[in-house]
Amino acid sequence: MQGLAAISASNGWAMAAAGACIVIGGLAVLSFIISQLHRMIAIFEKRDKTEEAPQTATDLGSHVSSAPIDQLSDVAATARVYRSLTAELGESFELIQLYRLLETAKIPHPIITVRELRGAGYLVPTGDGAFSWKNV
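In terms of numbering that gives the first Met the number 0, the numbers along the sequence shown are unbroken and rise by one, the last being 135.
No lab work stands behind these hints, which were simulated from the structure alone.
Any given hint could be a false lead.
[Said to hold, decoys possible] Simulated crosslink set (EDC-like; lysine to aspartate or glutamate; CA at most 16 Å straight-line):
1) Lys133 to Glu115
2) Lys133 to Glu90
3) Lys133 to Glu93
Just so it is clear, the structure is predicted and the values come from calculations on it, not from any experiment.
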């Protein structure tokens, strides 16, 4: 017995169909898991945020004066405000910590302002990705 008769006699057509169904089912499950991956990551991020318990924007708002400053035209005043906000970070801190703090305080344009502070020499690198404030 050879060819298609051998396949039929050995139940080959059923095995081929079962194999195709298994592969298609596996790919469908994999695509569903990938499509929902962002939700699983969000659950883990929420758990990490609740453990950290960062300060609220109202706590940080007490550091900022009530008069708004033009952050990009008055870099010295911006540096003084940002330095008072970062007092809790210590003498040396990473920029990601500064960005998170500014985001929590709802201060606009933190990336552009930090770039200007670095360019003006108010934020100086201390090595290993850490920065500190020049005396303002």
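Structure versus earlier hints, numbers of those that do not hold, lowest first = none
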